[in-house]
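**Student:** Residue numbers (the numbering used here), protein chains in the order written: chain C, 232 to 728; chain H, -1 to 66.
Keep in mind the hints are simulated off the structure, nothing from the lab. Ideal Cβ positions, reconstructed from N, Cα and C, are used throughout, including at glycine. Be aware that one or more of the hints could be misleading.
Below, a list of computed lysine to aspartate or glutamate pairs in the DMTMM-like style, where the Cα atoms sit at most 25 Å apart [claimed, not checked]:
{"no.": "1", "chain 1": "C", "residue 1": "394", "chain 2": "H", "residue 2": "35"}
{"no.": "2", "chain 1": "H", "residue 1": "48", "chain 2": "C", "residue 2": "549"}
{"no.": "3", "chain 1": "C", "residue 1": "335", "chain 2": "H", "residue 2": "49"}
{"no.": "4", "chain 1": "H", "residue 1": "48", "chain 2": "C", "residue 2": "518"}
{"no.": "5", "chain 1": "C", "residue 1": "490", "chain 2": "H", "residue 2": "50"}
{"no.": "6", "chain 1": "C", "residue 1": "623", "chain 2": "C", "residue 2": "518"}
{"no.": "7", "chain 1": "H", "residue 1": "59", "chain 2": "C", "residue 2": "326"}
{"no.": "8", "chain 1": "C", "residue 1": "245", "chain 2": "H", "residue 2": "40"}
{"no.": "9", "chain 1": "C", "residue 1": "623", "chain 2": "H", "residue 2": "35"}
{"no.": "10", "chain 1": "C", "residue 1": "629", "chain 2": "H", "residue 2": "40"}
{"no.": "11", "chain 1": "H", "residue 1": "48", "chain 2": "C", "residue 2": "625"}
{"no.": "12", "chain 1": "C", "residue 1": "547", "chain 2": "H", "residue 2": "49"}
{"no.": "13", "chain 1": "H", "residue 1": "48", "chain 2": "C", "residue 2": "717"}
{"no.": "14", "chain 1": "C", "residue 1": "582", "chain 2": "C", "residue 2": "518"}
{"no.": "15", "chain 1": "C", "residue 1": "490", "chain 2": "H", "residue 2": "33"}
{"no.": "16", "chain 1": "C", "residue 1": "490", "chain 2": "H", "residue 2": "35"}
{"no.": "17", "chain 1": "C", "residue 1": "245", "chain 2": "H", "residue 2": "33"}
{"no.": "18", "chain 1": "C", "residue 1": "394", "chain 2": "H", "residue 2": "0"}
To spell it out: a stretch of chain C is covered by chain H in this simulated footprint if at least three of its residues, at any positions, have a beta carbon under 8 Å from a beta carbon of chain H; those stretches are [stated by the list, open to error]:
{"no.": "19", "region": "236 to 246"}
{"no.": "20", "region": "364 to 376"}
{"no.": "21", "region": "482 to 488"}
{"no.": "22", "region": "555 to 565"}
{"no.": "23", "region": "625 to 632"}
These stretches of chain H come out as covered by chain C in the derived footprint (C-beta under 8 Å, 3 or more residues) [as the list claims (entries may be wrong)]:
{"no.": "24", "region": "21 to 27"}
{"no.": "25", "region": "51 to 58"}
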Amino acid sequence: MVNRPLEYDYTITKMFMLTTIVLGIVGMLIGVILAFQLAFPNVNLIFGEGLAEYTNFSRLRPLHTDAVIFGFTLSGIFATWYYVGQRVLKVSMAESAILMFLGKLHFWLYLVVVAAVVVSLLAGVTTSKEYAEFEWPIDIAVVLVWVIFGASIFGLIGIRREKSLYISVWYYIATFIGIAMLYLFNNMEIPTMFATSAAGESGIGSWYHSVSMYSGTNDALVQWWYGHNAVAFGFTVPIVAMIYYFLPKESGQAIYSYKLSLLSFWGLMFVYLWAGGHHLLYSTVPDWMQTMGSIFSVILILPSWGSAINMLLTMKGEWQQVAASPLIKFMILASTFYMFSTLEGPIQAIKSVNAIAHFTDWIIGHVHDGVLGWVGFMIMAALYHMAPRVFKREIYSKSLMAAQFWIQTLGVVLYFTSMWIAGITQGMMWRAHDEFGNLAYSFIDTVTVLHPYYTIRGVGGLLYLVGFLMFAYNIYKTMSARPVEEHELQNASPMGA
Amino acid sequence: MDIAQLQAYGYFILTTLLVIALYGYIYHLYSKKRDVDGVDYENYSNMALKDDISDAPVSAKSHDDKEK
């Protein structure tokens, strides 16, 4: 037996990198189809009347959101955890056969759940709760996957060499605990087979159907406590974990202030959980709860900007790196979009602004400048940084990466600017009335006016998808690019022309 | 006092305590500058920068581990 020096083991990272890319393509492709369906309704019949049941907007919409949240983003989180976790704890997965087994089990079970989700959503099986559409058998499988993820996190922490936990690890732990709590409480449901109707019938409906344990306003409150914090613990916390590792590592710069990273962490944990009420402004939820949702949303600017500014200041004196490296460009723009959407969100949560913004496309614009600009850019940057290290090869093409950056940036800008205009136009038109209080416009008037902006949004989304395909190609070609030596991998990632 | 009032007082007290704890933590970070092991918090950035498996940990988990 050859006694080789200990190395980090990236087997599981590679597996999840693959699903990040595949599910990213699926989620974004469906998104682009949906955008064009809104602009050109005939796209609903893209594969003819016979298949319209599967290709219409309402059937595809949950597939888009769930593929991006639970497919692309979650895979990115898992891939980076199995990479960053080992490195900052200075322990290899290869040192523990149990952790390796758990990691593989994590991946394969996750794939089974993804398959079940795709099939069931395409078949129209859903609980109708936004971002929580999965029926109870899938929910149980999701919990199992999550428990294994937790076992991997705490297992790796248990055998670490580094005593303290790097700030990214804190964020990964928060992701694990936060999502576990949210998912369990929002998916409390009773299978209908256990229900008995007023007339005494039992075993109602299909075996896989269920009803929420909450009803009415309570159901809405729990749903948006979940929905908003899914953004917190799926789209914010783990992505902050990534940027706190990948930006300093790629640029070779220590975090501007490690103390600021710690206090921003606790600030974010403290404030985020209370902000969900802003989804229910002007609803039947108690007024004080709505006000609390607004106030906490505004306070949320502080810890969010604490992390984002910390990242921008990490580049202090090193801004030439931003110009020189497209990989750093992705991360700096991600951080900038994070600042931008965490300012926009609180503005929308102010009651008087919300009176115009609620139910309009401005909200869709807000979600997308966050997810395309912040989450998408950061996950792609993380994969670009990891690829040369896990494949021991240079990134296939720097110029392709740079082109991708500008194409996608243009896509995001087209997306959110068109949605700003569309949303505010909508909001104003819905409210407009004559001197007697009669509404000035009917719904179809807004649809006509919004058509050009919906088309621009579709084009913006398409540009982003094209960029993502360039990213997938670049990573694919990296697997057979020029091999690199260990010393080339210290900081800035090696890139071919 | 009914349950809603108790909840309201409980919520207010909890929020106040959390605010005090958070600001206390910030004060602690910036006044002490070092953690209980005497490591300057800013040194922990090196956990990302020097993260090869052969690099020395910023503060090793135990003396035995350091030997490895």
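**Student:** Going straight from one Cα to the other, do residue 59 of chain H and residue 326 of chain C come out at no more than 25 Å?
**Tutor:** OK: residue 59 of chain H and residue 326 of chain C at ~16 Å, within 25 Å.
**Student:** Within 25 Å, alpha carbon to alpha carbon, are residue 623 of chain C and residue 518 of chain C?
**Tutor:** 57 Å, violated
**Student:** Decide if the proposed pair is consistent with the structure: residue 245 of chain C and residue 33 of chain H, CA atoms, cutoff 25 Å inclusive.
**Tutor:** 36 Å, violated
**Student:** Does the alpha-carbon distance linking residue 48 of chain H and residue 717 of chain C stay inside the 25 Å limit?
**Tutor:** Roughly 14 Å between the alpha carbons, so the hint for residue 48 of chain H and residue 717 of chain C holds.
**Student:** Is residue 48 of chain H within 25 Å of residue 549 of chain C, Cα to Cα?
**Tutor:** Holds. Residue 48 of chain H to residue 549 of chain C sits at ~19 Å (cutoff 25 Å).
**Student:** Between residue 394 of chain C and residue 35 of chain H, is the straight-line Cα distance small enough, at 25 Å or below?
**Tutor:** Holds, at roughly 10 Å.
**Student:** Please count how many residues of the region 51 to 58 of chain H have a CB within 8 Å of a CB from chain C and say whether that reaches 3.
**Tutor:** Held - the region 51 to 58 of chain H has 7 residues with a Cβ nearer than 8 Å to chain C, which meets the minimum of three.
**Student:** With a cut-off of 8 Å between beta carbons, are at least three residues of the region 625 to 632 of chain C near chain H?
**Tutor:** n = 0 at 8 Å, threshold three: violated.
**Student:** So if I understand the rule, the pair passes when the alpha-carbon distance is 25 Å or less; does residue 547 of chain C with residue 49 of chain H pass?
**Tutor:** The hint holds at about 22 Å.
**Student:** Does residue 518 of chain C lie within 25 Å of residue 582 of chain C when you go C-alpha to C-alpha?
**Tutor:** Distance ~11 Å between residue 582 of chain C and residue 518 of chain C Cα, so the pair holds.
**Student:** Compare the distance between the alpha carbons of residue 490 of chain C and residue 33 of chain H with 25 Å, and conclude whether the hinted pair is satisfied.
**Tutor:** Holds. Residue 490 of chain C to residue 33 of chain H sits at ~11 Å (cutoff 25 Å).
**Student:** Residue 48 of chain H and residue 625 of chain C were given as a pair; does the straight-line alpha-carbon distance stay at or below 25 Å?
**Tutor:** 21 Å, holds
In summary, the numbered hints that this structure violates are 4, 6, 8, 9, 10, 17, 18, 20, 22 and 23.
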